[in-house]
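There are 2 protein chains.
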Amino acid sequence: MSQSTPYERLLAASREISLLASCASVLSWDEQTYMPREGAEHRSAQLGLLAGLVHEKATDPELGGWLVEVEQGGGLGLPDAPMAVNVREWRRAFDRATQLPKRLVEELARATSLGQQVWIEARAAASYARFQPAFERILALKRQQAACLGAGPADYDALLNDYEPGATAANLAPLFETLRQGLVPLIEALAAAPRRPDVGVLKRDYPPERQRIFGEMVAAQFGFDFQRGRLDVTAHPFCTEVGPDDCRITTRYNPRDFSDAFFGILHETGHGLYEQGLDRNHRGTPMGEAVSLGVHESQSRLWENAVGRSRPFWRQAFPQARRVFREALHDVSEDAFLFAVNEVKPSLIRVQADEVTYSLHIIIRFELERALLAGELSPADLPAAWAEKYQSYLKLTPGNDAEGCLQDVHWSAGLFGYFPTYTLGNVFAAQLFDRAQLDLDDLPQQIERGEFAGLLGWLREKIHRHGKRWRSTELVFQATGAQTSPQPFLAQLTRKFGELYGL
Amino acid sequence: MSQSTPYERLLAASREISLLASCASVLSWDEQTYMPREGAEHRSAQLGLLAGLVHEKATDPELGGWLVEVEQGGGLGLPDAPMAVNVREWRRAFDRATQLPKRLVEELARATSLGQQVWIEARAAASYARFQPAFERILALKRQQAACLGAGPADYDALLNDYEPGATAANLAPLFETLRQGLVPLIEALAAAPRRPDVGVLKRDYPPERQRIFGEMVAAQFGFDFQRGRLDVTAHPFCTEVGPDDCRITTRYNPRDFSDAFFGILHETGHGLYEQGLDRNHRGTPMGEAVSLGVHESQSRLWENAVGRSRPFWRQAFPQARRVFREALHDVSEDAFLFAVNEVKPSLIRVQADEVTYSLHIIIRFELERALLAGELSPADLPAAWAEKYQSYLKLTPGNDAEGCLQDVHWSAGLFGYFPTYTLGNVFAAQLFDRAQLDLDDLPQQIERGEFAGLLGWLREKIHRHGKRWRSTELVFQATGAQTSPQPFLAQLTRKFGELYGL
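Respectively, the protein sequence lines represent chains A and B.
In short: position in the first sequence from 1, add 23, done, that's our numbering.
In short: position in the second sequence from 1, add 23, done, that's our numbering.
Accuracy of the hints is not assured; some may be wrong.
Identical copies carry no separate label here, and so any pair may be met within one copy or between two of them.
[Claimed, not checked] When the alpha-carbon atoms are kept at most 25 Å apart in a straight line, the in silico SDA-like pairs for lysine to any residue are as follows:
(1) Lys368 - Gly504
(2) Lys125 - Ser27
(3) Lys125 - Glu31
(4) Lys80 - Glu39
(5) Lys412 - Ala212
(6) Lys226 - His433
Simulated from the structure, these hints should not be mistaken for lab results.
Using the sequences and the hints given, assemble the complete structure.
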């Protein structure tokens with residue numbers, strides 16, 4: 024050790040912390056997939072121990088010393104050279120970790136673990152009143168966290184930065200407002216359109232085993248490497264990276280619904296392709312890690328929507344689908360099927376929302392969680408504020424709390440500032456897909472031929488291999504030559520759905 | 024921490040070490056079951072890191088200080104009271120861990136990791152010459168380990184004690200000799216017996232999915248709690264405990280063989296019932312851990328053989344088997360089936376050996392590994408010595424090294440002193456089953472009715488709940504009132520197979 028440079032010592036520490044954290048990833052994956060029901064208590068103790076060990080290593084004062092040495096030593100190259108990037112991100116992570124008192128970390132862990140259990144019961148009983156006390160406690164702790172990490176208890180950006188480094192509410196608010204102003208009239212126009220899809224064809228018999236085979240086939244065609252990953256079944260779909268050659272995605276099958284599992288698989292495949300495309304030479308360091316949740320979501324949305332719900336994709340996939348699901352699809356045309364998987368319909372539940380209305384669900388949550396953190400909205404008034412926003416934006420009112428403010432797990436898990444990354448993902452995805460179409464001059468034709476290597480290669484080159492080299496908006500700028508803007512997303516939606524609905 | 028007693032500090036440390044080690048159990052299980060093929064390299068790095076962290080915690084000098092304090096303080100109660108037992112075992116584990124230089128631990132880890140890879144290739148090529156250099160290195164390191172832990176490089180007991188604390192070669196040798204003297208004439212008599220089983224009935228079509236259902240049904244009837252455990256498929260069957268409510272067993276299915284998977288499931292179920300029966304109040308401490316591999320194997324052998332290959336068991340299970348495997352069994356009688364699953368036939372491969380010949384395979388390995396460690400047998404001469412022993416004990420000669428001295432993974436993994444625990448398990452199981460029959464006066468009738476709670480309760484009371492309270496031979500003495508002896512095992516075999524073969 025005495026012969027190594029401070030940078031080398033930081034590198035070794037970074038890899039060890041990453042390796043230890045990846046052990047917890049296996050345990051979390053197992054918890055969702057195969058763990059026996061009664062194993063939960065021991066599992067939470069295991070995960071708590073590993074989280075504590077990771078936090079201990081991440082806040083080791085020695086790291087701080089090496090960071091100072093390496094920062095003062097210079098010679099790291101340009102700001103976006105790997106060494107400089109790693110040092111910048113190690114500093115950021117070290118400061119954020121050490122700014123949080125251990126007591127607060129532990130209290131948050133306990134409160135959110137409890138919070139999620141209470142949330143499950145409260146949601147089952149559709150009773151916000153049962154959740155409110157736990158939620159108040161979590162909110163108070165999140166305000167303390169914001170105060171530790173940022174300018175004060177109302178500092179939303181301090182929390183947002185856990186998921187989207189560099190993003191600010193001040194930048195997001197006008198972007199979301201533009202989006203809202205574009206989406207509301209589009210939704211109205213589509214509601215009044217002469218044509219309607221027949222979504223009944225998606226609610227026929229789709230045997231789960233065949234859904235799995237069809238989904239895995241498309242995931243593999245997209246480029247997901249099943250020698251370096253797998254697909255399992257869980258209650259809530261997710262993607263987790265265990266190691267450079269071990270990325271796992273999940274879905275759930277409804278035997279009377281085609282869309283749920285299939286588009287879920289495409290979505291998680293998009294996340295998985297990002298993880299599988301990170302630079303293996305930089306594994307265990309920021310240069311080999313995903314840059315933000317927004318960019319992660321841009322990859323999942325791009326493969327799910329821009330590719331997976333497009334006409335060129337179904338031109339080659341529908342004949343295959345019809346062979347696999349002969350009984351369900353023998354009397355369905357490609358056009359009818361394409362229209363059905365693109366139905367637009369305002370709904371109360373975010374996770375069931377279509378491409379067009381989805382962002383309104385996010386905007387509502389973004390507005391409410393900022394008001395909660397700022398103390399402008401009291402937890403007691405959340406259900407009413409929720410109902411008011413849904414009526415205003417989507418012309419719907421929840422029948423109860425379960426289909427209202429209790430529908431998402433996020434707040435019960437302490438995830439404040441997480442929701443905006445979903446919509447940022449849609450915005451980035453549209454910008455990236457537009458640019459890929461310019462750079463790859465026959466992309467629709469490639470997709471129509473079932474060739475996805477061109478698009479994947481473009482994403483590998485422009486996004487995946489860069490890790491945390493730049494902040495997300497800069498990364499998208501480097502890839503597209505354009506500033507972050509909701510216009511490409513709005514334009515894509517207007518064009519695609521205008522055509523489908525015959526506007 | 025300052026307010027706690029040394030005992031309380033040791034307790035907390037013991038639970039933390041156990042909890043951390045249990046994280047590695049999840050990763051090892053996953054490696055055998057669901058890990059994507061390419062994930063192996065990262066997995067070995069993860070397991071190496073966790074093993075290092077466990078070793079670090081287990082050799083923390085603070086532990087040594089607390090041990091001295093608690094040992095000098097007294098007040099731990101009788102030698103078999105929980106506190107005294109835990110302190111005794113913590114001392115033992117601490118001394119053994121600290122007696123090994125870190126360099127040797129690391130070299131052994133590397134040499135055995137490499138050794139297992141070389142062994143796989145050498146076995147596939149049936150070439151001992153390819154394995155010999157790696158094996159010589161492992162043997163040299165194991166001799167160093169024996170010197171660190173015991174009286175010198177030839178101290179077999181020092182290694183044996185990793186698996187069977189308290190056992191000595193001096194005690195095992197006469198026990199094994201008695202066994203050999205009893206088994207050889209029995210095997211000869213059975214070979215000359217007028218009746219032969221028709222094992223063809225076990226080689227018919229047994230659809231794997233139905234094998235799984237039938238196996239799980241019997242495991243559940245035995246008392247294995249599938250809310251606190253599960254059954255998966257692996258190349259090599261095993262049982263692993265992840266936590267007090269999470270015990271996992273595995274098997275492998277051959278669609279043209281009934282016995283492999285079924286008796287494998289019963290065997291691993293026996294291991295699993297032991298783990299599920301440990302005292303949960305003592306979890307994370309020696310009082311809540313299995314006492315030895317020999318006792319563990321006694322539980323698996325008891326359920327697999329004494330129960331699972333018995334006439335009373337099949338009296339109730341055969342009608343069920345015939346309903347599940349109608350095509351395979353419609354023309355088979357209960358007697359013919361019972362005889363078939365009890366075929367005795369000398370063979371070259373240990374893992375395929377029957378109840379009677381199995382111990383001879385172990386005795387051969389026990390004799391050879393002691394000679395190797397003592398330097399009386401050179402690695403170069405192993406294949407010849409192996410062939411000579413098989414000819415002498417089983418009247419068979421291996422056609423090549425793969426069915427000779429390369430068949431087992433153990434030595435390539437550094438497991439010297441492990442084999443004897445298999446036979447100890449058979450010996451203990453016979454003693455325990457005899458005693459259970461005395462204590463439970465209608466045990467055969469209970470089994471014939473498919474009632475296993477009486478037997479399981481007896482094992483829970485006599486074996487499982489005691490953890491490491493006593494050494495294995497003392498535990499069996501407390502349970503049966505008898506010293507360790509091979510006679511009950513020999514008597515059971517002679518009685519059962521004499522009857523089946525019509526001697």
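These are the hints, each one checked on the structure:
Taking the closest pair of Cα atoms, Lys368 and Gly504 never come within 25 Å of each other, the shortest separation being 34 Å inside a single copy and 76 Å across copies. Taking the shortest alpha-carbon separations for Lys125 and Ser27, only the inter-copy value of 21 Å comes in at or below 25 Å, while the best intra-copy value is 30 Å. For a Cα distance limit of 25 Å, the shortest separation of Lys125 from Glu31 across copies, 23 Å, qualifies, whereas the shortest one inside one copy, 27 Å, does not. In this homomeric assembly, Lys80 and Glu39 come within 25 Å of each other (Cα to Cα) both inside a single copy, at 9 Å, and across copies, at 17 Å.
Taking the shortest Cα distances, Lys412 and Ala212 sit within 25 Å of each other inside one copy (20 Å), while across copies they are farther apart (87 Å). Within a single copy, Lys226 and His433 get their C-alpha atoms no closer than 29 Å, and across copies no closer than 54 Å, so neither meets the 25 Å cut-off.
In summary, the numbered hints that this structure violates are 1, 6.
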